[in-house]
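Undergrad: My request is simple: use the sequences and hints to build the entire structure.
Number of protein chains: 2
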Amino acid sequence: MNDNMGNAVGLSHLFLRERVKPGDRVVDATCGNGHDTLFLAGLVEAEGAVFAFDVQEQALEKTRLLLEENKCLDRVQLFHAGHQELAAYVPDPVQAVAFNLGYLPGSDKSCITRAATTLAALEQASYLVVSGGVIVVVIYPGHDGGGEEAAAVEYWARSLPRSFSAWCSRQVNRSSAAPYVVLAAKVS
Amino acid sequence: MNDNMGNAVGLSHLFLRERVKPGDRVVDATCGNGHDTLFLAGLVEAEGAVFAFDVQEQALEKTRLLLEENKCLDRVQLFHAGHQELAAYVPDPVQAVAFNLGYLPGSDKSCITRAATTLAALEQASYLVVSGGVIVVVIYPGHDGGGEEAAAVEYWARSLPRSFSAWCSRQVNRSSAAPYVVLAAKVS
Numbered sequence: 019m020n021d022n023m024g025n026a027v028g029l030s031h032l033f034l035r036e037r038v039k040p041g042d043r044v045v046d047a048t049c050g051n052g053h054d055t056l057f058l059a060g061l062v063e064a065e066g067a068v069f070a071f072d073v074q075e076q077a078l079e080k081t082r083l084l085l086e087e088n089k090c091l092d093r094v095q096l097f098h099a100g101h102q103e104l105a106a107y108v109p110d111p112v113q114a115v116a117f118n119l120g121y122l123p124g125s126d127k128s129c130i131t132r133a134a135t136t137l138a139a140l141e142q143a144s145y146l147v148v149s150g151g152v153i154v155v156v157i158y159p160g161h162d163g164g165g166e167e168a169a170a171v172e173y174w175a176r177s178l179p180r181s182f183s184a185w186c187s188r189q190v191n192r193s194s195a196a197p198y199v200v201l202a203a204k205v206s
Numbered sequence: 019m020n021d022n023m024g025n026a027v028g029l030s031h032l033f034l035r036e037r038v039k040p041g042d043r044v045v046d047a048t049c050g051n052g053h054d055t056l057f058l059a060g061l062v063e064a065e066g067a068v069f070a071f072d073v074q075e076q077a078l079e080k081t082r083l084l085l086e087e088n089k090c091l092d093r094v095q096l097f098h099a100g101h102q103e104l105a106a107y108v109p110d111p112v113q114a115v116a117f118n119l120g121y122l123p124g125s126d127k128s129c130i131t132r133a134a135t136t137l138a139a140l141e142q143a144s145y146l147v148v149s150g151g152v153i154v155v156v157i158y159p160g161h162d163g164g165g166e167e168a169a170a171v172e173y174w175a176r177s178l179p180r181s182f183s184a185w186c187s188r189q190v191n192r193s194s195a196a197p198y199v200v201l202a203a204k205v206s
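Protein chains in written order, with the numbering used here: chain A, 19 to 206; chain B, 19 to 206.
These are calculated hints, taken from the structure and not from any lab test. Any given hint might turn out to be false.
Said to hold, decoys possible - Under 8 Å between C-beta atoms, here's a sample of chain B residues computed to sit facing chain A:
no. : residue
1   : Leu29
2   : Ala175
3   : Ala184
4   : Arg188
5   : Val205
Unchecked claim - No farther apart than 25 Å at their CA atoms in a straight line, the calculated lysine to any residue pairs in the SDA-like style are these:
no. : chain 1 : residue 1 : chain 2 : residue 2
6   : A       : Lys39     : B       : Asp21
7   : B       : Lys39     : A       : Ser194
8   : A       : Lys39     : B       : Arg35
9   : B       : Lys39     : A       : Gly60
10  : B       : Lys39     : A       : Glu36
11  : A       : Lys39     : B       : Phe57
12  : B       : Lys39     : A       : Gly124
13  : B       : Lys39     : A       : Ser181
14  : B       : Lys39     : A       : Val27
15  : A       : Lys39     : B       : Glu36
16  : B       : Lys39     : A       : Arg35
17  : B       : Lys39     : A       : Asn22
18  : A       : Lys39     : B       : Asn22
19  : B       : Lys39     : B       : Asn88
20  : A       : Lys39     : B       : Gly28
Stated by the list, open to error - Across the chosen pairs, the derived CB separations fall in these ranges:
no. : chain 1 : residue 1 : chain 2 : residue 2 : range
21  : A       : Ala134    : B       : Gln95     : 54 to 62 Å
22  : A       : Ala106    : B       : Asp110    : 53 to 61 Å
23  : B       : Cys129    : A       : Pro109    : 35 to 43 Å
24  : B       : Gln95     : A       : Ser177    : 32 to 40 Å
Think of the CB as a built atom: it goes at the ideal place given N, C-alpha and C, for glycine as much as any other residue.
TA: Structure below.
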């Protein structure tokens, strides 16, 4: 049974699946262990392209292995760079940009995404995404620095022009530290 | 282009579409002009069943006409009753219950859904819905009495047991009076 409403990552996938189709160009701004990269590679299929970023070599290596195992490394470009450099590596429009903030699971918890660079990346994403496209952000408010970053993402979402429909989806019968989703759908 | 992220009704349809399939039994707790009833009738197809409620005869008549025009009245049962009587008319489990609160568009604005009866209906819905099923509520906080009803729905959602995953999705770059969505997905 599909548990895409059971947690924030599931809900973010539901939103991405709604807007991404075979052949699209999309960005994974934060590879982490590669699960979102693999999910996006599945959505765009062999004719599409995924541009995936991480500052940690360890994350890129895990992602590369996962993609190889699933035979879809062919359509993915991995960049050893922070997501705030998004526009430099991906100059042309994309259908979707996915962010999964916080730290790499099972790794050094001091290596986290931070408000300033996340905001810079979101700003670039809002220019890169085409009409009918989407930016999806999974936010972890529970760790040190997570609250500040969450506030920054929400500020960005509230300030988006009406050419975007920005939604904040919180899991209300869980702890206030539960991950949640910010979605910015560009109107076509 | 699919504008299912452009407003609260669109988002509610995205959530319903994710969980409702041909052959399912579902409830439209508030027919109104029949748009949600028609949408649900399309999802469950000819082998499914939609149980649709409204306290206003005018709403049921509009819904009946819309379903006839679209050749899907066959799978819909219309009940001239308030949604707080849900469990009396639909004793057996259902896959989904949809609520679209507020008043009937183009009609008497004093005839609105109210916190007490809406809560009673939501309570019944949470017992009727099967594992893997969903309750979706579109909330209009802007009209007189809307704020109170919105607070009641959110209280209900926050109080749901962990067998539900309850989400509140707000459109953050619009007015605070903008309609929004509460979703309760029952874990399977």
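Undergrad: Would you pick out the hints that fail for this structure and give their numbers low to high?
TA: 7, 12, 13, 23 and 24
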